Amino acid sequence: MYNFEFAKPATIAEAVEALAGEEAQALGGGQTLLPTMKQRLAAPATLVSLNAIPEMIGVCVNEAGEVCIGGATPHATVAREAQAQYPALAALASHIGDPAVRNRGTIGGSLANNDPSACYPAAALGSGAVIKTNTRDIPADDYFQGMFETALDEGEIITEVRFPVPQKANYQKFVQPASRFALVGVFVAKYADGVRVAVTGASSDGVFRWHEAEAALSADFSKAAIEGLAAPTGAMISDLHGSGDYRAHLVKVMTGRAVAAAS
Amino acid sequence: MPKDHGIGASSKRREDVRFLTGRGRYTDDINLHGQTYVHFLRSDVAHGRLHKVDTSAAEAMPGVVRIFTGKDFEGVGGLPCGWQVTDRHGNPMQEPAHPVLAQGKVRHVGDPIAAVVAETAAQARNAAEAIVLDIEELPAVVDMKKALSADAPKVHDDLTSNLCYDWGFVEENKGAVDEAFARAAHVTTLELVNNRLSPNAMEPRVAVGDYNAGTDDSTLYTTSQNPHVIRLLMGAFVLGIPEHKLRVVAPDVGGGFGSKIFHYAEEAFCTFAAKQIRRPVKWTCSRSEAFITDAHGRDHVTKIELALDAENNFTALRTETYANMGAYLSTFAPSVPTWLHGTLMAGNYKTPLIYVNVKAVFTNTVPVDAYRGAGRPEATYQLERLVDKAARELGVDPVDLRRQNFVTQFPYATPVAVEYDTGDYHATMDKLLEMIDRDGFEARAAKSKADGKLRGLGINCYIEACGIAPSALVGQLGARAGLYESATVRVNATGGIVVMTGSHSHGQGHETSFAQVVADMIGVPEAQVEIVHGDTANTPMGMGTYGSRSIAVGGSAMVRATEKIINKAKKIAAHLLEASDSDIELKDGQFTVAGTDKSVAWGDVTLAAYVPHNYPLTELEPGLEETAFYDPNNFTYPAGAYACEVEIDPDTGKVRICSFAAADDFGNVINPMIVSGQVHGGLAQGIGQALLENVSYDENGQLLSASYMDYAMPRADDVPFYQVDHSCVTPCTHNPLGVKGCGEAGAIGSPPAVVNAVIDALHRGGMTHVAHIDMPLTPARVWSAMQG
Ligand SMILES: Cc1cc2nc3c(=O)[nH]c(=O)nc-3n(C[C@H](O)[C@H](O)[C@H](O)COP(=O)(O)OP(=O)(O)OC[C@H]3O[C@@H](n4cnc5c(N)ncnc54)[C@H](O)[C@@H]3O)c2cc1C
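Read top to bottom, the protein sequences are chains P and R. FYI, the numbering for the first sequence is 15 to 277, going by our numbering. FYI, the numbering for the second sequence is 688 to 1475, going by our numbering.
To be clear, the hints were calculated from the coordinates, so they are not data collected in a lab. Since this is a predicted model, take the numbers as computed values, not measurements. It cannot be assumed that every hint is accurate.
Here chain P is said to cover these stretches of chain R; the calculated rule only asks that three of the stretch's residues, wherever they fall, bring their Cβ under 8 Å from a Cβ of chain P [said to hold, decoys possible]:
#	region
1	703-716
2	1462-1472
Below are the PhoX-like pairs computed for lysine-lysine, each with C-alpha atoms no more than 20 Å apart in a straight line [what the hints assert, rightly or not]:
#	chain 1	residue 1	chain 2	residue 2
3	P	K237	R	K758
4	R	K758	R	K962
5	R	K1255	R	K1285
6	R	K739	R	K792
7	R	K1140	P	K266
8	R	K1341	P	K266
Just so it is clear, CB atoms sit at the ideal spot from N, CA and C, and this is done for glycine as well.
Between the sequences and the hints, there should be enough to build the whole structure, so can you do that?
If you want it as structure tokens, here you go:
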């Protein structure tokens, strides 16, 4: 790790200001950024910690009934505090990494990073969440732009993520044996106006919606409804943990399981 | 009733007090006055010609003390290989040079090119980034068979090819074996890969070199399983330092699994550089560096064939194996696929004719050497997979087929040069079947089926050769070292006992179990016995710990030294009791004159030895300290039977281990709890190999599994609660404790059990086209095999 300056602002405004500095970078839980810095693959001049900004931490429900999670809220807090309102989201958070990762890693960091195998992107896209930043609201459908790519501008901070609560939802994660990130993860959410199916881990374009499954499930929310569908095609990842064909197959299996388990 | 003391008792591991409370003293805990830090600049290409290493900018960086390159080692020896194998034609293996820092070429990702010594570790690393390299990348060889093709790039330009040796064993039997195959009623053939593993000890390697200019003494603190071996190899072959001027200390070591047997470049570097710059030099390996520098294990590609007669008796066995050596010969690499593998190909069976062919190959990958089991897991895996396949082809019960072919008469001379002194393979199989409720399997399988799962049962045997070994024999086989062990037993005036052993404990619990033996022999509390190991300055020349040899060889040396102590103490007691020493008996720490009530306590005798006022000084020297060296006259042969039950999720290919049972015959057992722990650890490693672990390179020699993100280690929830048993005992016939060793058995016996169980599950599920799946049996591999 190279030397760097460290800032710990107490408000979003101060954080934005600090991030305007030369080669400044936001620090969430550091679960992705710090290992990268230790390997000397990243070398920010200043780290701006978002962990001491009270307005960015916590879980609440707004007037519209949406679950709102502060951008710097650790996974463990989501697992605990979203349990009553959005159990599928809480369950997803409770299976990210290990306790140390969950106590440090944040939802904002995860969404900003947009790792193609990360879990939160599936929940955000699958729920049609809104990613709120210091400057704007970005619908999930516009936010994810390919692996490690997002709609965020330089220095823009995720301050909150708003999840409309579905009637039923479930996340099925089939773990990559070494990292235990998602080899394939599928988030299925049934809303009054239709079903959303978001897939992570499988595609080199990052998280995506499986529209065929959404249509079939919107008509008939049952495992049987997707049985006749071909597994999704597209830029499936092929690597030492599994071929593209295997991942595509898993997408279908995990979607079926998520439907069966949705509550 | 289980014993609560001495041999046979499950005494609590005394070393755990310091390990579990953070009071261990590992090499990285050692910091010397004026210490510097080294960072190695390593090759990031697998194969390249090194045209220039420009250190000028780096030398000017803050904190840099000195930068070393291959040039600095031109007058210095290379890293030696400790075992020479002779090929089928009687020629010595091809043995390339192995410089401490690369000279002329780099041959694997991780090959050290330059070493920056600086005031801090960060400064050393910063300066290393400023070194400018001119490397011409060359095509890499990764695949062994391709490496042997005529037009393959050569890893070592001065060798005739990438073939290290082509070994035939027993070469004279080849013709007879081929004839037996021609006559066979049935032949079963299997091609398989024994996957390459990364050792991943919990404590990464560390070295601290120190030089005392006042006395001209060098000291190396290092994470080693055998400090005396390092002293000999490094002193005599690399740096030219006589042993009395070189001390090697291996303090607490956090796991080795073989990877810390070998003499590594970093050890020689730190010792050498400390003398050059007259300051201590420390290197602490990062986890990323460990993946590209610790010697890997396994990596065999094998074709194996079994011939059977019409009654299903095994009549001959034939194998052809390609064994990856990596880019250089690590210290004992040549011995692993040959003498530690070929000699075990008989397994538990009385197959009369065996021929083993092994081609050892150089590739642009990390060197491969002994890893928990070393050669024996490879032998067991091939054989036990093959026998299972034969049973399936013949439609006979796999247990029956094994039993029918078991060796039952001992001693048994195998056709592959070793003699099993004792064993009872039916007994461990009987015990295993008792443990696993085989009759209940069908009901469990039906239940799994109802849950949409496929259940399978895998059973196999294993035998291994431990307690390596008779020096005279290994010398004939090419070892450039002896393989005895040593112990000095020092009794203090007040009766406390210190044992200085040449064995080294790095997780095995010697400090507890060795003390149990001596305490038992003398009849004093275990707490009165202290075990000292790991420092060449205060232990007799020893060969260290590997090959499950510590209790069988090191323990035997300790028994011999303790016997000498007892004999002398009896003479002192006889003098004090005015009796003849032949009438003296020692029990529970009391010397008595047989048939009388006259006695003297252990402490009185030890005091007399050091305060010899009333003492037979004309016949006996004062003091009570004895040393023994023990050279065994055979290997020991632990054996057993293992069973694994699995459930496969057919939708995903995921394998879950439902149960695992191990029935082992380790001979006599000193501490059953420690033995169970060794088996547990071995099973976890074997299951890791079978289901999860795999070192993977791309065709350019880049390591794909270079961190825990891609190299899957077994975790607690990957393994079941084990059933282990070691109540079947046929004591070793040739060592004083009747012990065989238990450190590697779990890792040797378990991979075939897991794979046999998975194949069994698939066949029961109707997927009879799946004859074999190569390890690791990841969900992806199992699923794709199921698709046909
Ligand atoms: C061992 C391990 C296992 C893991 N397992 C999983 C898993 O199973 N599933 C999974 O989904 N993830 C997993 N992770 C990743 C983990 O969830 C991290 O929390 C996540 O990747 C990054 O979040 P962070 O808060 O640590 O971000 P950081 O590492 O601090 O930052 C990551 C990136 O996001 C930026 N950033 C941080 N916060 C914000 C913000 N509020 N607004 C804008 N940009 C921001 C940073 O500048 C940086 O570029 C694992 C991580 C580890 C170490």
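So, going through the hints one by one against the coordinates:
{"no.": "1", "hint": "703-716", "in the structure": "violated (count 0)"}
{"no.": "2", "hint": "1462-1472", "in the structure": "holds (count 5)"}
{"no.": "3", "hint": "P/K237 - R/K758", "in the structure": "violated, 68 Å"}
{"no.": "4", "hint": "R/K758 - R/K962", "in the structure": "holds, 17 Å"}
{"no.": "5", "hint": "R/K1255 - R/K1285", "in the structure": "holds, 19 Å"}
{"no.": "6", "hint": "R/K739 - R/K792", "in the structure": "holds, 10 Å"}
{"no.": "7", "hint": "R/K1140 - P/K266", "in the structure": "holds, 18 Å"}
{"no.": "8", "hint": "R/K1341 - P/K266", "in the structure": "holds, 16 Å"}
Of the hints listed earlier, those the structure fails to meet are numbers 1, 3, in rising order.
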